Every structure is written in C-alpha cells, then in structure tokens.
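Participant: Given next are the chains, with one letter for each unit.
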Amino acid sequence: MFVDALTFGLGYNATLVTIGAILLGISAGVTGTFLFLRKRALVSDAISHATLPGIGLAFILMVALGGDGRSLPGLLVGSAISASLGLLAVTWLTTRTRLGEDAAIGAVLSVFFGAGVVLLTVIQTMTSGRQAGLEDFLLGATAGMLYSEAVMIAVGGAVVLLLVLLLRRPMTLVAFDPEFAASSGVRTNSIDLAIMGLVLGVTVVGLKIVGLILIIALLIIPPVAARFWSDRADRVPIIAGALGGLSGWIGTALSATVPDLPTGPIIVLTAFAAFIVSFLFAPGRGVLSAVLRYIAFQRRVHVRQGLLAIAQGQPVYEPLTRRLLTRAGLAHADGVATDAGQARAAKALRDEARWDVVRRHEAFAGTAALYDGLREIESVLTRDQIAEVDRLLGGPREATSG
Amino acid sequence: MTGAEFVPLSLTPLLTGMFAAVACALPGNFLVLRRQALIGDAISHVVLPGIVVAFLFTGTVAASAMMLGAAGAAIIAVILIETIRRLGKIEPGAAMGVIFTAMFAGGVLLLEQSDTSSVHLDVEHALYGNLESLIWLDAVGWGSLLDPTALASLPSELLRVSLATLGMALLLWIFWRPLKLSTFDEGFAATLGVPVRALGLGLVIVSALAAVAAFDAVGSIIVIAMFICPPAAARLVTNDLGRQVAWSVVFALLSAGAGYILAGYGPLWLGGTHAVSAAGMIATVSGIILAIAALIGPCRNRVGAVPAA
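Protein sequence lines correspond, in order, to chains G and Z. Following our numbering, the numbering of the first sequence begins with 638 at its first residue and continues without gaps. Following our numbering, the numbering of the second sequence begins with 3 at its first residue and continues without gaps.
Extracted from the complex, chain G is given alone in its bound form (with noise of 0.2 Å):
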C-alpha cells in the first residue's frame, strides 16, 4: 500500500495531491533557502499564521453572497489578501516603529490568528454544519478532497515553482551578497518583495496539504538542512527543493497509507528526518565529520608530542601516545623509538628548530603567522627558503645550546 502510494498508484486525487505535494516541497525548499540566507526565516511565521483571519472572512462573504462558503478558490484569495496584509503589518511595524523585527513578527502571527479565531466561532454559530472544513486548514488534511481542488493544487504548485526558476538568479544574489546586488544593478527591494510574494505563494498552495501552522516548517527545514551540504549558494537551493520536494511525496504517501495520520506533521517530520541525518552525517559540516576531524586533529598534537619528546630523549608516558607510536610503526611496546620513530623524531625536532628561526626573523614574517606546532614546514616554504632557514640556523651545536 505504501508502494503504492510512492508509485502513484492510489488513483487519481490521491496522485494530483502527491504530486502538488511534491511541487510544493521543492518550491518551499527553494524559497526557504534564500528566505534562510536573508535570515528572515521567521517572517513567513507571520505570512502564514495572518492567512486565518482571510479564509474566515472569504467564507463569510462568500456565504453572505449567496455562493459556498467552501468554494477553495475564493478562500485561497482571501487567505492570500490577509496574509499581504499581515506582511505589510510586520514590514510596517519594523520600519516605522522602534520594535525589532521578532516582535513584529510575534505581534502579528498572535493577532492575526487570534482574530482568525474569532472569526471561526462566528462561523460556527451563524450556519450551523456548513463550517466543516476550515479547521482542516490549521494542519492540513487531504482525505476526501475534491477533484477540482486537487488539480488547483497541483497547478499552483507549478506555478510557484515556474516563479522560483525564473527569479533563481537575482534572488540567489541578492540573499548572498545584498550590496554586491544593489551595485550590479539588481534592485534589492524588489527582489526581497518577490522572495516574500513567493513565500505567500507556498504558503497559500500549501494551506490544503501541510496547513497554516506548519507550512513554515517546510519553508525552514529544507534549507537548513541542505545548508549542511554545501557552502555553495548556488548547490544549496537545488539541495533543500529536492530534500523539500522528497519529505512531500514520502509524506504525502505515508498519510494516504496508515488511517487518521495528519498530513502536514507526517510530511513536516519526514522534513525532520532529513535534517536530522544532514545534522549528523553530512560531510564537512556535519556532527560526525566534526568529531571525526577533532579526533584526527587530537592524534597529530599527540604524535608530535610523542616525536618531540623522543628526540629530547625524554620518556613518554601519556598511553594515548604510546599507542599511537606504536600503532605507527614508531615504538616499541616499550616505548623506545624504532629507527623509524627516531628519524622521524630528529626531523620533528629539526623542523621546530626551523620554525624557530622563522618566527625570529622578519623576513618571514607572513609564514611565522602560519605556525600552530603541527604545520609541516614543507608545506609553507620553498625549498630554497629552507635551505636559507638552515643557513641561518648555523651547523650542529651541543644539545645544550639550543
């Protein structure tokens, strides 16, 4: 059954939807990205929170007109009306007033819902039984949904995306380097509003699949997860729509599979999974390469320690460096150095030395920076530099001297 519903095979609507699904992750996950580098995250926590009070007013108007209340379309209107509005608040709220950002953006997520509450009870008691339906809009549902809401979906997903490929490039440099914008020629207002007017336009197709109150979770997840990839600002939006646009299909098909599971938590934690083994797993970036990276780096300190103290012809104690000399083919059990050890112990002590005069002398003073006890001295001067260094650096002397 599970199969099914990854292959398609769960008939028609079911299909229009994992595909809308779908289109909505990869859009969310490719706006979140440059929404993430902007760091505004959490502005489109307001856009989507301010749908509510739209969709409560569209139905109302919508039944006082005579029509359905439910029709989809007049309700995505409203919700997107509202929303624009709750955008302007917070834009307002920040530019106008000295309250920061996070509090505008609190202010209006807070009040535009609570008036969307509101509304909602009006709605309750003014026709009795013909609300059913608008809380589906807080978290999403797509059992029993309409063929001709399906198809809307999976079109506005399309659309959306359409919009995100056409404006990839202003928008990938303007979330990058936003002066470096302004002075090519791109006009930064512009795109910010257009990155926002996107995010209206994930949130507003996704109100049906994910709902209102987790549909920022597809706009945040993605992205940060992708984040951990890569430091390309072009690689990352690619990486966070196809993370997005996964936790949608694999989502959509667990929530048409097992009865009563939500649709947008389902598809929200699948987001979830992904940047949980982004978190840890990634490369580079990622916790494990992290402790894989320290563990490298506390072997090197150890093995030079060890390396040091053997040319100095003190004794090492410390087990951990034992083991990693001996490991290395560089002491015994006991260990006293191998021959191996003890050319590489001369050379260690011999390059300190080097490193010595390097950091004495002004001449090399841009490489005397670069000295942190493990660098290989080969890898910072040519040749000829070294051989100037040992000039300097005189014949052999009592150990004493030094």
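Calculated from the structure, these hints are not laboratory results. Treat the numbers as computed from the prediction; the structure is a model and nothing was measured. Misleading hints may appear alongside valid ones.
As the list claims (entries may be wrong) - Reference excerpt, derived from the structure (chain Z facing chain G, CB under 7 Å, subset only): (1) Asp43; (2) Leu89; (3) Ile92; (4) Glu93; (5) Pro94; (6) Ala96; (7) Gly99; (8) Thr103; (9) Leu111; (10) Glu114; (11) Cys231; (12) His276; (13) Ser279; (14) Gly282; (15) Met283; (16) Arg304.
Even for Gly, the Cβ is constructed at its ideal location relative to N, Cα and C.
Here the structure of chain G is known, so what remains is to put chain Z in place on it, guided by the hints.
Facilitator: Leaving out everything else, chain Z in the frame of chain G:
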C-alpha cells in the same frame, strides 16, 4: 447583568485571563527588549508534545502531570535549539524554527494516534484554551467571595495563574537591577560581576514557566500575544523601563478584560446569539492596542530617526 449571573459564569474566566495576561507580559518586557520575543511563540508550540506525552504516561489530564510534561518539553527544546545553533552554526531564528515546528508536528501526530477521545485534549484546545469553561459552579453571587465552602470549588487554573503572576512579580522585583543592566548593556553588566549568561538563561526558563502556567488555562494564542503585544505597545509609549513595565501590565489587563467582555457580550449587543472565542478576542484587542500605540505612541520612533511627518 446581576451578580448571581456574573460571578459564577464570568468572574473566574475574566480573572484567569487577566492573571495569565500579566504573568506573560511581565517577562515579555525583557524578551522584547532583548530581541527574543519569538521565544514565547516557540515555547507555546513545543509544550504540546510534552502535554501529550504526559497524558500518555499518566492516563489523566491532571494539572501537575501536564505542567511537568510541558516544562520538560520546553527544556528539551531549549537544549536542542542550542545544540543545533552551536554544533551546526545555524542562525538562532532558523534553529528555533526547525525545532518548534518539528516538535509541534510530533505532538499533533501523537495526539491523533492515541486515544484521547475520552478526555478534553485536542489541538484546538491547545491553541484556543478553554477560558469560557472555567466556571465557578458553587457561586451564587458576590457573597460567595466570602463563603469558604464556595471558594474551595474555585477552578484550580485561577489559583495557578495567580500564583504564577505573583511569582513573576516577585522575581522581577528581586532581579530588577541586574536584569535591567544586563538587558541594556550586557558588557557593562558583566564588568560589574552580574552573571549575564545565567540571567539570560533564567529569563528564558522563567518565561517558559509563565507560558506553561498560562497555556493550560488560556491556550497558546493568548500566551504568544501577551508575551509580545502589551510590552511592545508599552515600549512605544515610554522610554523608562519601570514605566514600560507598568504600562504593559495596564495594557495586558485591558486586553484581557475588554477582550473577554467583548467576546462574551459583544455579539449580544450586535444582535447575535452566541459568544465568540474569548482567547481570539483577547489577542485581537491587544493587537488593536499595539496598533494605536504604533500610530500615536509618544516614543514610537527609533532614537535618532527622523519622525514621520
């Protein structure tokens, strides 16, 4: 409206709302000044899984278990956010967004998968609270306020939020000076020997406790709104921290009082028959107060900014 009707039906929800509003607004002042206003938002999302897990373990909706679960979840969330921020070098806003959405999603999932139909525990309850249901059954009129047997049946939520408010006020009074110093000039406070990091962490924990205490009675909308709106409005009214805190308390009381009354009686005045959500209305009123302060507050502009014409 007579006492016989008002006291049992409206007095306790009104007082509970007011105490909850003040309990959140007091620490909210410092969160707004420290640019950490969204912590209230994050906390009120992450307590959901804590409450659900507490319910699954104990099988009851006893307040003590819920509070423990919620506090535990809040602490886990703070640790996770810090871990991601430090180890992953992710900016705090995004780290917060990752954790609180994932935990909230987990809470919703647990809730949907477990059998909670027998008890009053659902997502809507967590969001909107159940302020209207906090009725005082044994009260017959104003006289009940002096009647010990009637007082014994007061909803326990009222006692909890009033204790939380008292605790907040006391903590604020004790730590006023170091808190003020470290909020405005952390470096200077540190040179005076104020433990700024411990104080910052303490503020977050105390805020979490206030949120958890209020959350159970009034739902997360009011918690988020009261953490931010009254202090933000007060910030636009005055430059003095003491006055700001005082104004925020006034705004919080006004929001809770006016919001509750508008929700309960407003529709009747307009010819309707049913009350609307008190939690939603309280948040809305606090937003209106903030909007007014942002339009005409005497200190609404940034220092040094050219006043808008």
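Participant: Grab the minimum C-beta distance from Leu89 of chain Z to chain G and call the hint holds if it beats 7 Å, violated otherwise.
Facilitator: holds (6 Å)
Participant: Would the hint on Gly99 of chain Z be counted as holding, given a Cβ-Cβ threshold of 7 Å to chain G?
Facilitator: Given a least distance of 4 Å, the restraint on Gly99 of chain Z holds.
Participant: For the hint on Arg304 of chain Z, just tell me whether its beta-carbon gets within less than 7 Å of chain G.
Facilitator: holds (4 Å)
Participant: Going by Cβ atoms only, is Glu93 of chain Z closer than 7 Å to chain G?
Facilitator: holds (6 Å)
Participant: Does the nearest C-beta of chain G fall within a distance shorter than 7 Å of the C-beta of Leu111 of chain Z?
Facilitator: Cβ of Leu111 of chain Z sits 5 Å from chain G, so the hint holds.
Participant: Close enough to count: is the Cβ of Pro94 of chain Z nearer than 7 Å to one in chain G?
Facilitator: violated (10 Å)
Participant: Does Cys231 of chain Z pass the interface hint, meaning its C-beta sits closer than 7 Å to a C-beta of chain G?
Facilitator: OK, holds: Cys231 of chain Z within 7 Å of chain G, min 5 Å.
Participant: Holds or violated: the hint that Met283 of chain Z contacts chain G, with Cβ atoms closer than 7 Å.
Facilitator: Holds: closest Cβ of chain G sits about 5 Å from Met283 of chain Z, inside 7 Å.
Participant: Do the numbers back the hint for Ile92 of chain Z, that is, is its least Cβ distance to chain G under 7 Å?
Facilitator: Holds: closest Cβ of chain G sits about 6 Å from Ile92 of chain Z, inside 7 Å.
Participant: Is the interface hint satisfied for Gly282 of chain Z? The criterion is a beta-carbon contact with chain G at less than 7 Å.
Facilitator: OK, holds: Gly282 of chain Z within 7 Å of chain G, min 3 Å.
Participant: Hey, does the Ser279 of chain Z contact hint survive, CB to chain G under 7 Å?
Facilitator: holds (4 Å)
Participant: Restraint: Thr103 of chain Z near chain G, CB-CB cut 7 Å. Satisfied or not?
Facilitator: Because about 3 Å separates Thr103 of chain Z from the closest Cβ in chain G, which is inside the 7 Å limit, the hint holds.
Violated hints amount to a single one, hint 5; each of the other numbered hints is respected by the structure.
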